[in-house]
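**Q** This is what each chain is made of:
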Amino acid sequence: MNPVAHTEQVAPIHVPSPAQRLFNVSRLHVANPYPTLVVPWAITAVIFGLNIAIAQMVVSAAGGTSNLDADAFQYNGGITWIVVFMLVVGVQAMSLTFPFALGFGVTRKDFYWGSTLYFVGLSVLYATGLTLLSWLERATDGWGIDMAFFQPWGLMENPLSTVWLLYATSLLGAFFVGAATSAVWVRWRAIGMYVFFSALAIIVVGAGWLITSTNSWAKVGEFFTSTSIEALALWSLPFTGIVALVGYTLIRRATSR
Amino acid sequence: MSTAIEVAGLTKHYGQVTAVDDVSFAIPEGKITGLLGRNGAGKTTLMSLLTAQEFATQGTIRVWGEDPVENAAVLSRMCFIKESQVYPDSFKGSHVLRSAQWFFPRWDVELAQELVDLFGVPTNRPVKKMSRGQRSMLGVVIGFASRADVTFFDEPYAGLDAVARKRFYDVLLEQYSESPRTVVLSTHLIDEASHLLEQVLVVHEGSLVIDANVDDLRGSAATLVGRASDVDLFATGRDVLDRSHIGGIASVTIAGLNDADKALAASAGLEVSTVSLQELIVRRTGANPAEEAA
Amino acid sequence: MDDSRPLFQQIAEQLEAQILDGSLAEESAVPSINALAAFHRINPATALKGVTQLVDAGVLYKRRGVGMFVAPGARERLRAQRSEEFSAEYVRPLVVHARALGLSAAQVHIMIDKEMS
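Residue numbers (this note's numbering), protein chains in the order written: chain A, 1 to 257; chain B, 1001 to 1294; chain C, 2001 to 2117.
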């Protein structure tokens, strides 16, 4: 028996398709677009501006670029901050947005792959933007003073496609490393962090010891110098994939506590 | 009557702590069910389990006949408003409401705006900087505007004053009357909320101690006073909640009495006074009534 | 509302009282279930139960799609029913007490006349 006399007939709820659900999760991350779509560019602009100003002062103090080494402004690593920033974005996606999404009835599976969509989208967006700026940098002869802000460490000598690939793969790696580390926290809290970082320390020290004891440092160095940047960037993808899958298995059994 | 949620032998351990202990019950479709109990009784854990935010240690949960865990078809028809909800750092009230419509298929934008105005939710303020009451009100807006098939309100008025609570009750009745849906309301303010409920589940230390229709429950417990021998005779074999003696006079509080039982007691020369729902629940959950009333 | 008795009974009793004192005339519309629920801040199912009890007792009747109305003759029937209850609840115990005190029917009549004048 229906307890109420006059009621409107409510249409049954239509459950969104899987693709729609993933898209909804990805846009949940940018419901407030400022922190990840606006702020990073603004900070990049500020860092870039400061570096240009400093470089200009150096140039004028030296009395022109001709009096400086050719590679004076080729080793500015200021732009790498963005990789660290995206690592933090990955961390927050799991530590804050995940419990929030659970509260909206999102499944862990939808959340993780929707977030993956967002990470990939953001990597492509930033890689493309930074590559465009690199192109501008080339077109203006390093902003008129031979500066390589968006493509430091000799990247200027490589095709723009390489610059794009390096950015895209580094950012993608940063997102998933941040997300997976954060997933350890979400799943096991402080104890998980102790175990994780202890294990990481053991692996790093162990690897160092192994390389030293087998006299392999030269080989390691050789690998990095002899392998092309493109190959190194592509080599990071399987590593990122494994980290992404680890993050997924962690989140599948995580709760919002 | 159809059933929305069915639970059998549900248990949840956190390490050594048993938060929910072998609980079985059903939540009927289209009714307002109260989940009552003291703080820490296991109400939030229970609702987190029903909405698949937590994983059960043992037992089964069926929502419309299906396991809710990782079940998008079931979860998108439910809405759980939790007091301790986590929000992304950068989110203002407006971001929360904007994203809510992507996850609740029946989201009502106009109703959300109406309720924001009614409750005075500062949607321009970051959720992090809202007061407890403001966060509660934001949750209440989501709970109603989602128009989900099952809505869970967990202590929805934490930090709200009496006026705002009355407003919540009025909106609940209005929304429920307009489109009946399954509502589970968890609260420790039993006297205030009990009139709105049709069913009650009372949990105490992780166990279910009452599962009843409110009308059947109200007036089903009474305190009987009289000669100790008469009182003891009547009380034998009944569900005694409380007993005290003074001289030859005894007083017992007994649950599960019907009108015939009470008439029988009166004709046996006992003074019968019915116990309020609030008091019955308080006694069932092992608290000192005087202390709880303070 | 009295928290120690079923609310639906109290709803039914309030409606009966309004019919008895004439504020709800025969053939007039009774407030809707939702209006009753909102006014008393109670669950609509509880209000419905109270009203249904009066429908079953023939005090109210339902006009399909319109609502609930006070049945013709309801007031008189309620009055008769209440008189019966009054007799059982008050007059009978009064007689028991009067006998215990050794009062005659005439003496009790005089007392009642005095109180009622």
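Hint data in this document are derived by calculation from the structure and do not stem from the laboratory.
We treat Cβ as the ideally placed atom computed from N, Cα and C, and that holds for glycine.
Take these hints with a grain of salt, some might be off.
Between beta-carbon pairs, the in silico distance windows are [what the hints assert, rightly or not]:
1. A:Ala11 x C:Ser2083: 51 to 59 Å
2. B:Arg1227 x C:Met2111: 41 to 49 Å
3. B:Glu1174 x C:Val2095: 49 to 57 Å
4. C:Leu2101 x B:Asp1242: 31 to 39 Å
5. B:Arg1227 x C:Gln2107: 31 to 39 Å
6. B:Ser1179 x A:Glu230: 57 to 65 Å
7. B:Val1225 x C:Arg2092: 22 to 30 Å
8. C:Ser2087 x A:Ala11: 15 to 23 Å
9. B:Glu1006 x C:Ala2017: 38 to 46 Å
10. B:Asn1124 x A:Pro159: 24 to 32 Å
11. C:Gln2107 x B:Glu1174: 53 to 61 Å
12. B:Glu1006 x C:Ser2083: 47 to 55 Å
13. B:Asp1089 x A:Gly63: 45 to 53 Å
**Q** Does each hint hold? Answer for all of them.
**A** Now for the hints, and whether the structure bears them out:
1. For the hinted restraint 51 to 59 Å between A:Ala11 and C:Ser2083, the CB-CB distance of approximately 53 Å keeps it satisfied.
2. Remark: the range hint 41 to 49 Å for B:Arg1227 to C:Met2111 is contradicted by a beta-carbon distance near 32 Å.
3. Separated by about 51 Å at the C-beta atoms, B:Glu1174 and C:Val2095 satisfy the suggested range of 49 to 57 Å.
4. Range check, C:Leu2101 to B:Asp1242: Cβ separation about 37 Å, and the 31 to 39 Å hint holds.
5. Taking 31 to 39 Å as the suggested C-beta distance range, the pair B:Arg1227 and C:Gln2107 conforms, at roughly 33 Å.
6. Checked against the given bound of 57 to 65 Å, the beta carbons of B:Ser1179 and A:Glu230, roughly 59 Å apart, stay inside it.
7. For B:Val1225 paired with C:Arg2092, a C-beta distance near 24 Å keeps the hint of 22 to 30 Å intact.
8. About 56 Å separates the C-beta atoms of C:Ser2087 and A:Ala11, a value inconsistent with the hinted range of 15 to 23 Å.
9. For the pair B:Glu1006 and C:Ala2017, the supplied restraint of 38 to 46 Å holds, since their beta-carbon distance comes to about 42 Å.
10. Checked against the given bound of 24 to 32 Å, the beta carbons of B:Asn1124 and A:Pro159, roughly 47 Å apart, lie outside it.
11. In this structure, C:Gln2107 and B:Glu1174 meet the distance hint of 53 to 61 Å, their C-beta atoms being roughly 59 Å apart.
12. Checking the proposed 47 to 55 Å range against B:Glu1006 and C:Ser2083 shows it holds: the Cβ atoms sit about 50 Å from each other.
13. Checked against the hint of 45 to 53 Å, the C-beta distance between B:Asp1089 and A:Gly63 comes to roughly 49 Å, which is consistent with it.
When each numbered hint is compared with the structure, violations occur for hints 2, 8, 10.
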